[in-house]
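Kindly generate the complete structure, drawing on both the sequences and the hints.
Letter 60 of the sequence shown, counting from 1, is numbered 747 in this note's numbering, and no numbers are missing.
The reader is advised that the hints may include incorrect statements.
With a straight-line Cα cutoff of 30 Å, these simulated DSS-like cross-link-like pairs (lysine-lysine) come out [said to hold, decoys possible]:
1) K833 with K818
2) K769 with K847
3) K847 with K818
4) K730 with K769
5) K814 with K833
6) K833 with K738
7) K730 with K814
8) K732 with K818
9) K769 with K732
10) K814 with K847
11) K738 with K769
12) K853 with K833
13) K847 with K833
14) K833 with K769
15) K814 with K732
No lab work stands behind these hints: they were computed from the structure.
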Amino acid sequence: MHQVTNRLYANDNQLTVSFINGPAFGGGSELATATDLRIASPKAKLATVHKNLALQPGWAGATRLVRLVGAQNALYMLSTAKVFNAQQLVDIGFCVPEIIEDIEVKDYYWTENHLSSIDRNVVRVMKSNAKNAVELSLHDAFSEEKRNFGTLIGQPENIKAIAALKLRLERD
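What follows is the structure, encoded as structure tokens:
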């Protein structure tokens, strides 16, 4: 599972999403850390219960958790095994700031109209910039962001998007 979660986390070609629509304890909480976005329903419950088994995460979930919510929140979650509800997960930055009432109904919005419509090269650059912001020095992250921008500007998808935006603005 360590390799599976790391491959999921390192996937540079698409945005990955966890829909938390019930309990995600232990390994379930680690799987959620491996995706780019985590979306909670009101039924979401998440806990890092490893300490109750005299363990700690073994699928790189602790490292990803620290990067998601910061060291203090991660240590609190790991040391208490507290069960967090949807709002608490949003409040600490584990989940996106929108609790989705009915995941089946909202599925289309998140996958078809929002995430899967993003150009693959834009996703690659988006994920590269996010990763660089965490892993590189500030100066190096700035340089990489500038370099990444240069791979997108003036490309056919960029030109097409600008033309579509102009049309929308003219109509409004």
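* Asked: Which of the listed hints are not met by the structure?
  -> 2, 6 and 14
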